[in-house]
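*Asks:* Sequence:
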Amino acid sequence: MTKKKREKFSSFLNNPMDFTLLITIILLLGIGLVMLLSASSPSALADTGDSYYYFKRQLIFAILGVVAMFAISKIDYRFYQKFYIHSYVISIILLVAVLLVGREINGAQRWIYLTETFSFQPSEMVKFLIIVFYAGILVKNRDDLPKFKNGFLKHFFWVLPIIGLLLLQPHFSASVVILGIVVVMMLVAGCKFRHFLTAGSILIPIVIVLVVLEPYRLQRVLTFLDPWQDATGDGWQVIQSLYAIGSGGLFGVGLGDSTQKYLYIPEPHNDFIFSIIGEELGFLGCVLIILLFAVFIWRGILIAMKSPDMFGSLMAIGITALIAIQVIINIAVVTSSMPATGMPLPFFSYGGTALFIILCEMGVLLNISRASAKNNK
Numbered sequence: 093m094t095k096k097k098r099e100k101f102s103s104f105l106n107n108p109m110d111f112t113l114l115i116t117i118i119l120l121l122g123i124g125l126v127m128l129l130s131a132s133s134p135s136a137l138a139d140t141g142d143s144y145y146y147f148k149r150q151l152i153f154a155i156l157g158v159v160a161m162f163a164i165s166k167i168d169y170r171f172y173q174k175f176y177i178h179s180y181v182i183s184i185i186l187l188v189a190v191l192l193v194g195r196e197i198n199g200a201q202r203w204i205y206l207t208e209t210f211s212f213q214p215s216e217m218v219k220f221l222i223i224v225f226y227a228g229i230l231v232k233n234r235d236d237l238p239k240f241k242n243g244f245l246k247h248f249f250w251v252l253p254i255i256g257l258l259l260l261q262p263h264f265s266a267s268v269v270i271l272g273i274v275v276v277m278m279l280v281a282g283c284k285f286r287h288f289l290t291a292g293s294i295l296i297p298i299v300i301v302l303v304v305l306e307p308y309r310l311q312r313v314l315t316f317l318d319p320w321q322d323a324t325g326d327g328w329q330v331i332q333s334l335y336a337i338g339s340g341g342l343f344g345v346g347l348g349d350s351t352q353k354y355l356y357i358p359e360p361h362n363d364f365i366f367s368i369i370g371e372e373l374g375f376l377g378c379v380l381i382i383l384l385f386a387v388f389i390w391r392g393i394l395i396a397m398k399s400p401d402m403f404g405s406l407m408a409i410g411i412t413a414l415i416a417i418q419v420i421i422n423i424a425v426v427t428s429s430m431p432a433t434g435m436p437l438p439f440f441s442y443g444g445t446a447l448f449i450i451l452c453e454m455g456v457l458l459n460i461s462r463a464s465a466k467n468n469k
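Numbering (this note's numbering), first residue to last: 93 to 469.
It should be emphasised that the hints constitute simulated quantities derived from the structure, not laboratory data.
Ideal Cβ positions, reconstructed from N, Cα and C, are used throughout, including at glycine.
Some clues are possibly wrong.
Unchecked claim - Listed next, the in silico DMTMM-like pairs over lysine to aspartate or glutamate satisfying Cα-Cα at most 20 Å (straight line):
#1 232 with 168
#2 232 with 349
#3 232 with 216
#4 246 with 235
Stated by the list, open to error - Okay, the calculated beta carbon distance ranges per label pair:
#5 253 with 317: 42 to 48 Å
#6 324 with 235: 56 to 62 Å
#7 239 with 324: 52 to 58 Å
#8 335 with 295: 33 to 39 Å
#9 144 with 111: 29 to 35 Å
#10 155 with 234: 37 to 43 Å
#11 240 with 351: 53 to 59 Å
#12 429 with 286: 25 to 31 Å
Whenever a hint applies, use it, and build me the whole structure from the sequences.
*Replies:* As structure tokens, this is what we get:
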């Protein structure tokens, strides 16, 4: 590539990134670390003898993630477009690798252990790779998207092997997130909504069958309908979550003063950390965090709208949808508004590699915001 072409290709990289988005990300990360420290200390002490064990690990990945975020924010997002096919192939390889060499924990084979203390969930990486793939393929075939066969069916087909491999783990929550991201991206790209309604009439019965045939999924639905029917068994976590949120009241019981985190809610630093937030920070604390996520979604949509090209727009909307879907499902689960599923709360739930990958995705979004700023000068 000549010097002139390089300058043209990355001419926006010195533009200021979206400052509002950056501050929102830093606030979510900072509050998330504080709440993780509070929520995880009893569990960490019981599991490892060190109250700060989970926090220290999360802090290391947070620091590494922030460094990676700023570095990636300098990489021209159009670079990824050249590798959209590779992204899909790598996704398949990662998910097959989980089934071959992954370690089974609590009945699910979702983790690959590189050492005895370091593991990662390939599904977290696959979420981003699928965004790259769909952004690339939808741009390439943009003229065919309004059609049913060459538009909707042809492009929707690509996500089915990914969903199939995830269900074999089984990893139903990741399947829902990826499916949601693909639907949002295809709609934004130009696919017809009525085509999704047609597919929905076929897929919904299949989902119902998958739930009925898998005892643990069926039990989750029954527990959702009446968690008190098995208050000391399957309904325990949801009931304790509601107790935590309810006892928080308007202002909360105070940071660090949660009762439910003392081994009442299993692993309160993971999927049910929002319950501890509700207990310690109260209704106002919950509203603040939801507002921060709302600001994030608003800025993400704005960046997508102002992006200078379709690829950047689809990447931005895909990353925004990734965070939005996980937040909505997580909060719905802990408030017993939908059946329980293992959905982490972005920036808050414990998981070092997951947090690192999210911050890398934030770097991509911030880079697109640089291009959006140049496009609107």
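*Asks:* None of the hints should be skipped; say for each whether it holds.
*Replies:* So, going through the hints one by one against the coordinates:
1. 232 with 168: Given pair residue 232, residue 168 holds - Cα atoms ~19 Å apart, limit 20 Å.
2. 232 with 349: Answer violated: residue 232 to residue 349 is near 54 Å, above 20 Å.
3. 232 with 216: violated (25 Å)
4. 246 with 235: holds (13 Å)
5. 253 with 317: 42 to 48 Å: violated (33 Å)
6. 324 with 235: 56 to 62 Å: Once the Cβ atoms are compared, 58 Å apart, the range 56 to 62 Å for residue 235 and residue 324 holds.
7. 239 with 324: 52 to 58 Å: For residue 239 and residue 324 the Cβ distance comes to about 54 Å; the hint holds.
8. 335 with 295: 33 to 39 Å: holds (36 Å)
9. 144 with 111: 29 to 35 Å: holds (32 Å)
10. 155 with 234: 37 to 43 Å: holds (40 Å)
11. 240 with 351: 53 to 59 Å: Cβ of residue 240 to Cβ of residue 351: about 55 Å, so the range 53 to 59 Å holds.
12. 429 with 286: 25 to 31 Å: At roughly 28 Å between Cβ atoms, residue 286 and residue 429 fall inside 25 to 31 Å, so the hint holds.
Violated hints, listed in ascending order, are 2, 3 and 5; each of the other numbered hints is respected by the structure.
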